[in-house]
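> In order, the protein sequence lines correspond to chains A and B. For the first sequence, the working numbering begins at 35 and goes up steadily by one. For the second sequence, the working numbering begins at 7 and goes up steadily by one.
Mixed in with the good hints, there may be bad ones.
As the list claims (entries may be wrong) - Computed footprint of chain B on chain A, listed as stretches where at least three residues anywhere in the stretch have a Cβ under 8 Å from a Cβ of chain B: (1) 108–115; (2) 154–161; (3) 168–176; (4) 187–194; (5) 376–387.
Read the hints as simulated data drawn from the structure, not as lab findings. Using N, Cα and C, we set each Cβ at its ideal position, and we do this for glycine too.
Read off the chains here:
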Amino acid sequence: MSRYPRLQSLQEISEVMKRYYVQRSIMARLRPVAYVTSGAPVEILEAMGILTLYPENYGALCGAQGAAVGLCQVSESAGYPADLCSYARSHLGAAMSPKQAPLHGLPRPDLLVCCTNICGTVLKWYEALAEVYRVPLFVLDVPFQRTTPPEPHIVAYVSEQLHELIAWLQAHTGRRLKQERLRQTLQYAREAVSLWQEILAFGQHRPSPINAPDLFVAMAPIVTLRGTRKAVECYRHLKAELEERVARGIGAVPGERYRLLWDNIAIWYRLYRFFRPFMDAGACFVADTYTNAWTVALEVDEPFTGMALAYTGVFINLDLSTRLQTIMKLARRFQVDGVVMHANRSCKPFSITQYEVREALRAELGLPVLILEADMTDSRLYNDGAIQERIAAFLESL
Amino acid sequence: MHRRRTPLGFLTAYVPEELFHAAGFEPVFIFHAPEEYGKGRAHLPGFVCWVVMSALDQALAGALDRLGALALAKTCDATQGLADLWRRNVPQIPLFHFGMPSRLEGPAVKAYLMAELRDLRDRVEAFTGCPIAEHALWDSIAYYNRLRATVRAAYARVAEYAPSAFYAALRDLLRSHRPALPGPSPLPNAPRLILVGPALGDPVLFEVVEQVGARIVGDLFDLGERYFEADAAENGDPLEAIAERLGALTPTPTKYHAAHSRAARLLEMVRERNADGVIFARQKFCEPHGFDYVRLACALDRAGVPHLMLELEQASQAGQLRTRVEAFVEMIRGV
Numbered sequence: 035m036s037r038y039p040r041l042q043s044l045q046e047i048s049e050v051m052k053r054y055y056v057q058r059s060i061m062a063r064l065r066p067v068a069y070v071t072s073g074a075p076v077e078i079l080e081a082m083g084i085l086t087l088y089p090e091n092y093g094a095l096c097g098a099q100g101a102a103v104g105l106c107q108v109s110e111s112a113g114y115p116a117d118l119c120s121y122a123r124s125h126l127g128a129a130m131s132p133k134q135a136p137l138h139g140l141p142r143p144d145l146l147v148c149c150t151n152i153c154g155t156v157l158k159w160y161e162a163l164a165e166v167y168r169v170p171l172f173v174l175d176v177p178f179q180r181t182t183p184p185e186p187h188i189v190a191y192v193s194e195q196l197h198e199l200i201a202w203l204q205a206h207t208g209r210r211l212k213q214e215r216l217r218q219t220l221q222y223a224r225e226a227v228s229l230w231q232e233i234l235a236f237g238q239h240r241p242s243p244i245n246a247p248d249l250f251v252a253m254a255p256i257v258t259l260r261g262t263r264k265a266v267e268c269y270r271h272l273k274a275e276l277e278e279r280v281a282r283g284i285g286a287v288p289g290e291r292y293r294l295l296w297d298n299i300a301i302w303y304r305l306y307r308f309f310r311p312f313m314d315a316g317a318c319f320v321a322d323t324y325t326n327a328w329t330v331a332l333e334v335d336e337p338f339t340g341m342a343l344a345y346t347g348v349f350i351n352l353d354l355s356t357r358l359q360t361i362m363k364l365a366r367r368f369q370v371d372g373v374v375m376h377a378n379r380s381c382k383p384f385s386i387t388q389y390e391v392r393e394a395l396r397a398e399l400g401l402p403v404l405i406l407e408a409d410m411t412d413s414r415l416y417n418d419g420a421i422q423e424r425i426a427a428f429l430e431s432l
Numbered sequence: 007m008h009r010r011r012t013p014l015g016f017l018t019a020y021v022p023e024e025l026f027h028a029a030g031f032e033p034v035f036i037f038h039a040p041e042e043y044g045k046g047r048a049h050l051p052g053f054v055c056w057v058v059m060s061a062l063d064q065a066l067a068g069a070l071d072r073l074g075a076l077a078l079a080k081t082c083d084a085t086q087g088l089a090d091l092w093r094r095n096v097p098q099i100p101l102f103h104f105g106m107p108s109r110l111e112g113p114a115v116k117a118y119l120m121a122e123l124r125d126l127r128d129r130v131e132a133f134t135g136c137p138i139a140e141h142a143l144w145d146s147i148a149y150y151n152r153l154r155a156t157v158r159a160a161y162a163r164v165a166e167y168a169p170s171a172f173y174a175a176l177r178d179l180l181r182s183h184r185p186a187l188p189g190p191s192p193l194p195n196a197p198r199l200i201l202v203g204p205a206l207g208d209p210v211l212f213e214v215v216e217q218v219g220a221r222i223v224g225d226l227f228d229l230g231e232r233y234f235e236a237d238a239a240e241n242g243d244p245l246e247a248i249a250e251r252l253g254a255l256t257p258t259p260t261k262y263h264a265a266h267s268r269a270a271r272l273l274e275m276v277r278e279r280n281a282d283g284v285i286f287a288r289q290k291f292c293e294p295h296g297f298d299y300v301r302l303a304c305a306l307d308r309a310g311v312p313h314l315m316l317e318l319e320q321a322s323q324a325g326q327l328r329t330r331v332e333a334f335v336e337m338i339r340g341v
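Bound conformation, chain A alone:
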């Protein structure tokens, strides 16, 4: 890897994440623990002092550590079909068989908070968790956003459920939500989101100081530590390092020749290895749709309407034409030369419209597009030979 300069701040983020898991497993004995989905309004739980853990992030961790396949097999032998989401299969496998899981699984939850803005899969996954752990489940139902901005009755529905969630959390934990604390948490979340937006924008520089796999490592705090000072600190450091790279003209891929856009969740078991042939050909992924999902700004003055709007408007919950506009805008703003789309068998909301997006990118921007079928954590679905061949052909076409 020596050819490619490393970002020190990523090391820091990795350390923070290691400490996060250790600390949470210790604190779990003292404070109530809630499992939450990646699109849940975590600021409310954070402000109430409830510890949050993200089974999706844990699924990614299992994938990155090469433990996912074994855990998926545990789920499959319990009856879960092998074509279900591999985050869910990994995590349910870990819940059923913690001894063979990284970190011996996540600490037991006291509560489950499932927000349906990212997919319908989480609903089934959390129902299963509620049975495994015999703990209460709150389903925050976020309707599909058909129009932008969403219809008022959708915002009212989500906002009403946020109030219901608070009452539910208070009833189950005895903790109260202090408005001042919520304001502070939202402020931190807002700051982290805004820093994250700035970090992503660095990809606009030529050469880009950051590559998509770097972002896949860097994104952990915006997901798991949103609303904390720690996330803000991590991103201040990363931003400073990127500023320095730009000032010194250092690119994530030295001799950057091609600028690419990535679509879909990362391939966690091949995080850097997957991108290596691209990097060796001078191609840098300067933008992606995945890490962009956490850039929705939060309104602090009208916290409930603000959260309802932000959590309804997550990228994956938007209608195709709005998502297409976002992708086109990214392609133009970051001046990309091509697009690589991961047809991720585990994630239907992200993958199901990709052929459509490909046609639009080709027709409207004349961009070459490569669609590769794989899976975010289940490496059994990764056909290395075929993928390498197609990557080589794609790079040649650029």
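Take the given structure of chain A and dock chain B to it, following the hints.
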């Protein structure tokens, strides 16, 4: 005066048919086709179930051009994606998306569902250019209640019918509104099965059950018995009556209702009908039924009820299904 109704295709088990009927449409369910036109795969990845793939395939091939519109409700991720693809690729058949909540209980649900129904009514009216009169809604509600009563009466004697004839009649009803149930043909001492799955399974499934000499005594198909189990009230506010009905049905696996458990309903059916076993017939790549299977199977295991999981694909092979169903039925019979 009798006006000829425009056919409106619908997908999923939560479309308020009464509302479309009152607007002058004839709602007809779009079943997946056994044949493929070769149009869908250019638009959808291979890991989408055949039910969704086939709907798009038929539409792109022009096989659904008789439809004046299509309606679907928010259920699974694949169907949601289909709505997006439909809008861009099938412009000749306008789409109505109904944002059925994923949660069916809780203080906020009813107001949202009512607002969504009013919103849908407004969109339908804007499309037809004609307001839906309240009496038309009441007429359609009464019409569907009668239709459902017919289906419930048939289900009360489902074990007496040959499975393929019974479910073929049900498919026809959902496609043409004409109930045409053949005469019963009782088969004493046949193993009694309950079937679980999306939509109405697959015709090949019922043929296989019939061939091995078993009978179906109930089902938990999304468009099966549960779809007809509750009527809409015929007084008060018509949209509220429709909303109450949608919420009262045994949920499909895409919906959450803490107190209305599918497992409990299935066990209750097994006891009521004196069933010998349960067959799950899941479409490959169907996530909601894939997860749901484990919960239901665990409940059946605890109650000592035998069950079998079958995976349906585009071209489900009767031979393969038959071997497995035959072995299952033999086990039940204690052969």
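> Hint by hint, note whether the structure agrees.
Hint check results:
| no. | hint | verdict |
| --- | --- | --- |
| 1 | 108–115 | holds (count 4) |
| 2 | 154–161 | holds (count 6) |
| 3 | 168–176 | holds (count 3) |
| 4 | 187–194 | holds (count 5) |
| 5 | 376–387 | holds (count 7) |
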